[in-house]
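With chain L's structure known, arrange chains Y and V on it following the hints.
Each chain, written out:
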Amino acid sequence: MRLGVVFVSLGLIFGGFFALMGGAYALGGVVEDFGRTHGVSGLASLTNILILMLMIVMVFATLLTLAERKWSAFMQDRVGPNRARFPGLPNASLAGIPHIVTDVFKMLTKEAFRPKNASKVLFALGPMLAFAPVFALFAVVPAGPTLKIFDHPVMMVSTNLDFGLLYLFAIASLAVYGTSLAGWASNNKFALLGGVRASSQMISYEVALGLSLVGMMIAFSTVKLAGPDGMSEMQMQYLWSTRVGSFDLGLPAWGIFIQPLGFLLFFAAAFAETKRAPFDSPEGESEIVGYFLEYSGMQFGMFMIAEFVEVVVLGGVIVAIFFGGWSLPFGNEWLMNLAVMKQYPILLGAIYGTVFWGKTLLLVYLQMVIRWTMPRFRYDQIQKLGWQILLPVGLANLFVSGALILWDPSLRALALFGFFVIGVFAFLTLTPPKQVRQEQEAADDHHGGHGHAAPAPHDDHAALPASTH
Amino acid sequence: MSSHSHHDPLEKRELVEADIRERTYVPEILKGIALTTKHFLRNLFGERDPNPDVVDRKGLATITTVNYPEEKVDYPPGYRGLHRLVPREDGKPRCVACYMCATICPAQCIYIEAGEYGGDDEHAESRVIEKYPKQFVIDELRCIVCGLCVDACPKDAIRMDTYTHVPSEYNRQGFVYDIPKLLKGPAVSHPSDPWYKRGSSAPPDHVHKEAHTRITAGGAALAKRPPLVEVVKFAKP
Amino acid sequence: MSDEKKIEAPKPAPPPGPPPPKNPGMVTLVIDGKEVVAKPGTNMIEAAKSVGVDIPYYCYHPRLSIAANCRMCMVESSAAPPGKLVPACQTGISEGAVIKTDTEKVRAQQKMVMEFLLLNHPVDCSICDQAGECKLQDYYMRYDFEPSRLEGAKVLRNKRKKLSDLVVLDQERCVLCTRCVRFMDEVAKAPQLGIFGRGSHEVVDISPAYGKLDSNYSGNIVDICPVGALLNTDFRFRARAWFLSAAPSVCTGCSRGCSIYADFMGQDTYRFRPRENEQINKSWMCDKGRLSYKGLNKHRVQQNGLGRGAEVKDVTPIEALRVAVEKLKAHSGKVAFMASPVASIEDLLAGLAFARDVLKVKSVYVSGRPQGEADNFLLTADKNPNRKGLEVIAKAYGLELKPFTELTRAIDTGTVKALFGLGHEVPEEDEVFAARAQKLELFVVSATNESKVVEAAHVVLAASVHVEDEGTFMQGDGIIQRFRRAYPPKGDSQPHWKWAVDLARQLGLEMKATSSREIFKQLAPQVPELATFEWDKKAPMNQKRPGISTMAASADGRPPGWREQGVPNLRGLSLPPGT
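Residue numbers (the numbering used here), protein chains in the order written: chain L, 1 to 469; chain Y, 1 to 237; chain V, 1 to 579.
Okay, chain L solo, but in the shape it has when bound (with noise of 0.2 angstroms):
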């Protein structure tokens, strides 16, 4: 019952995502049609503006309001919120959905509240300074092939940018104003005090997030993501491959091989950059509340919403930059190759948008899990973390990395060295701490040298591992 219910939701949520791919890559073929008759090119970006960042990016953020929450519950061995009822339904029906709906009326109808001496027109600012750059970095990911639909290419992103890395940075960096801004014509201290901590946190953090994509740059020589020279469609290349008949079948170079310590320091950067949990002490609730204090109704909507914007387009752009954007990790030239497939391109274009937003969702989830299992980062934490071990770690890594390229432009080498730090992890990851270890044996020779039946009830608590670090 409840497993038919939750793979009936899963599969309503991956048949929306085809769907709505589908849906994409037709509307973007009809427009593009009707633009080139016209003498217009490039009229899809507009239908893929309109489906893929307002309809895909905005619901799925909207949803993600609820998830979070009804997630953080399951993880915490909680029933999560389920009150929230349409007229005539029973208590608790519908695990909860309508929530999303009530708090978009309580959001919409609160008052939106202004201190008496907060500056007007900067007050009004903030939220959407915050909002719109996350927004705009969707512009540059690429959910899906470049397709011919009745005759004519169709990209599956909303702006092909030969600089699109750079739009990244340049546009994630915008995002400091709006909480600053906020902070500042607050007229609140500790609204102040959140909105000078972000900006630090976030400048910090920039460096470390810029030098974690330097080595993806020079391993496929490009600043590009979409389109069949960017970096989303080059991690297609399989580094090892063979054939199974027809199906081919290999290790690709997606990012997460070769550079897997890349992406540890631009998915720990990219979390200072959204400021989301651990890295949150901009705004902690139980310090400072932080920047967005005085905002209430729709206006701190805005900011809340903005976030879980940023964790979906995060999510994209982590699927884009190390995970091989909307390809499979193997078969893509068989699927690609099949008949029907070339008969209908809508279909495979369907196809590699679901496994795009697919993939997207695992992130999604990483983060989700990510904020419910750190506790938050002291802000001292935060910048040393920032400055004496990112930076370090992603100019050894670019040095490295350069070097494995240099020698080996084939990257295997690169991809060697990434498993072999993806082992290193494994294993400090399998063994116990030293702390652990050394307990154990105490506890053992203890046991064995005085021959006490019971050892004492806290060696317990003591043997934990280091888990309030």
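Everything labelled a hint here was simulated from the structure, so no lab data went into it. Do not take every clue at face value.
Straight line, CA to CA, 25 angstroms or less: simulated DSS-like cross-link-like pairs of lysine-lysine [claimed, not checked]:
{"#": "1", "chain 1": "V", "residue 1": "189", "chain 2": "V", "residue 2": "162"}
{"#": "2", "chain 1": "V", "residue 1": "189", "chain 2": "Y", "residue 2": "131"}
{"#": "3", "chain 1": "V", "residue 1": "49", "chain 2": "V", "residue 2": "84"}
{"#": "4", "chain 1": "Y", "residue 1": "134", "chain 2": "L", "residue 2": "384"}
{"#": "5", "chain 1": "Y", "residue 1": "134", "chain 2": "V", "residue 2": "161"}
{"#": "6", "chain 1": "Y", "residue 1": "155", "chain 2": "V", "residue 2": "100"}
Same frame as chain L, but now just chains Y and V:
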């Protein structure tokens, strides 16, 4: 003792140098993620057992929530719940308006107005009962549920054995409980109740005889008395 | 014992003469190791009291004859036959006696007496109004504290015998101390009660020779009853004793001015109890005065009113003051002044000063309650507590006092067209005066209670009663008595003197008093009879209650604020005023 000395928790408080696993964060984060994901998946796929005894729950899910209005935890014996005024056998409250509860109440949430049954009233009880509560009101919002009123009552007329707490209301007035709202539950009587001793507050016809028969082994009136020890448990709703 | 005899036997001692008194004219003895010097004829209880030794008793009352029937006050005395205890209430003191009140033997006696008294006592304290001020309760806790050993049932008697409309008797609770019987016999001079029956069926009842209890002093037997046997039907079941605070006050029922305690809770007085005053009322008061507290609670003027008849409306004190000032100005110089001797000395000091200096009157009409019946003990015919005070103040102020009949005549003839009344009481029928007052062009009255007279007024200024303020009365024999404030004025009312001060200020006379104390300090020196009265020092102690009450109250050591607001203020409960 000395062999146990290193069990002293204070000695354990030396700063342990962090392991490489902890200093790189990543292995520890991965372990944490594995743990939270395990709970997530168990609770996602497992059906929550609605058993209100949380520790006895079975199944894959580890959720400990009790969905309150639909599911209720059984209160333990002796739970101090909503007050009730204990009725006599004839349905009237046992309360004699002695104000003991109002006196002891630290929240001053009990208001009583005493009335007197006239000696020649129609009521049957007026022949033996003189004082009764015209008004007995408890403001349940003020009540701090200390149970002192129950302890103070000399007539076992107020109890908190309803095994339910004050239900929610939409206005404050709803929390002001008067006699019709308070009077519920099974009737209680005690051998010492005056109506087992005499028919009215007037002296019995044969004072002399009456007194002496009582001092000897019981007499007819004693036979009507209920058993000495009586435990009346309120039926749980 | 035998050793002592052996030693004493060979001595041919002459009979020892009484030793010379240590203090000539007085008796010197030792009680519990403390030396006591007392007048001859004092009993042991009073002598012990003077050095702070409490001897328990039920039947003894200092103002009644000695019965010595409760046997609770038995003590060891060196003057008594060896091995015998003596009743401390009945035994006079003798020179050189050594009295011990706390020996093993005395304690055993007290315990036995308590056990006997409680043997057939119903112990229905939960419905007994005496609980909290009951000697049985107090002495049980102090001298007995043992469970009953009685097996079987107690003797049943009449639990609810109405002796009169005011007094109800519970024969089961009675300890047969006969205080009530002796009081009716000796003080009320109406021996309407007696003890009837024998043994365990002995009861207090109405004497068949009288057949009823109708004395005007029957309420006192409730006060002196040490247990809950005699209860006041008026107070019965209305409040528990420990909820009440006691304010030392004065009864305003007649010109006797008995000293009383006003027992109050919140802003309501629940009963009057006589307060000991050797000069005036000893320990007693009459039933009429006892019930006069009702006027303090019910039918009070709590809102200031304007207009008469159908136009009457409630207004704020400021608005009432404004209108009163406006109208008094319009009739400037033509306003007659009537003062009620029910008001206190402070009220009259300020009121008459206002009349003389602002209204410019030369004479004051005396209103007040009509004359009533008197008796040969406490009740007087003049029902106004402060007539004497009014007279001395008016005399000192140079105001002529005119009888009320002159006022009625003046109104009828039309010479008085505007009238200011301090107090609403009039010595004729309210309806008659109200009809007469219709002819007035202006009638301003500061009134405490609602009446037809108040309805006839153009401006009604709500005035507080005496227990709501500090003050003094001068009773019929010229004795000045201070009374204490029990609780703040009800509603929007304020004391008469405050109205007078407010009006005088608005009309241009600077009066600075902000309390009745200041009024007295400023104005009393003009009055020779009042000038020497020490207003502060003569204030009765607000700290303790007489008797052995364990009751805690703000006036009696109760923590302030505890139930001071009376019944708990429960939301939504609308209680009728004065209940």
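Measure nothing beyond the straight line between the CA atoms of residue 134/Y and residue 384/L; if it is 25 angstroms or shorter, mark the hint as holding.
-> 74 angstroms, violated
Please work out if residue 49/V and residue 84/V have their alpha carbons no farther apart than 25 angstroms.
-> 22 angstroms, holds
CA of residue 189/V to CA of residue 131/Y, is that 25 angstroms or under?
-> 34 angstroms, violated
Measure nothing beyond the straight line between the CA atoms of residue 155/Y and residue 100/V; if it is 25 angstroms or shorter, mark the hint as holding.
-> Violated. Residue 155/Y to residue 100/V sits at ~41 angstroms, over the 25 angstroms cutoff.
Satisfaction of hint between residue 161/V and residue 134/Y, Cα-Cα up to 25 angstroms = 22 angstroms, holds
Measure nothing beyond the straight line between the CA atoms of residue 189/V and residue 162/V; if it is 25 angstroms or shorter, mark the hint as holding.
-> Holds, at about 21 angstroms.
The structure is inconsistent with the numbered hints 2, 4 and 6, although it conforms to all the rest.
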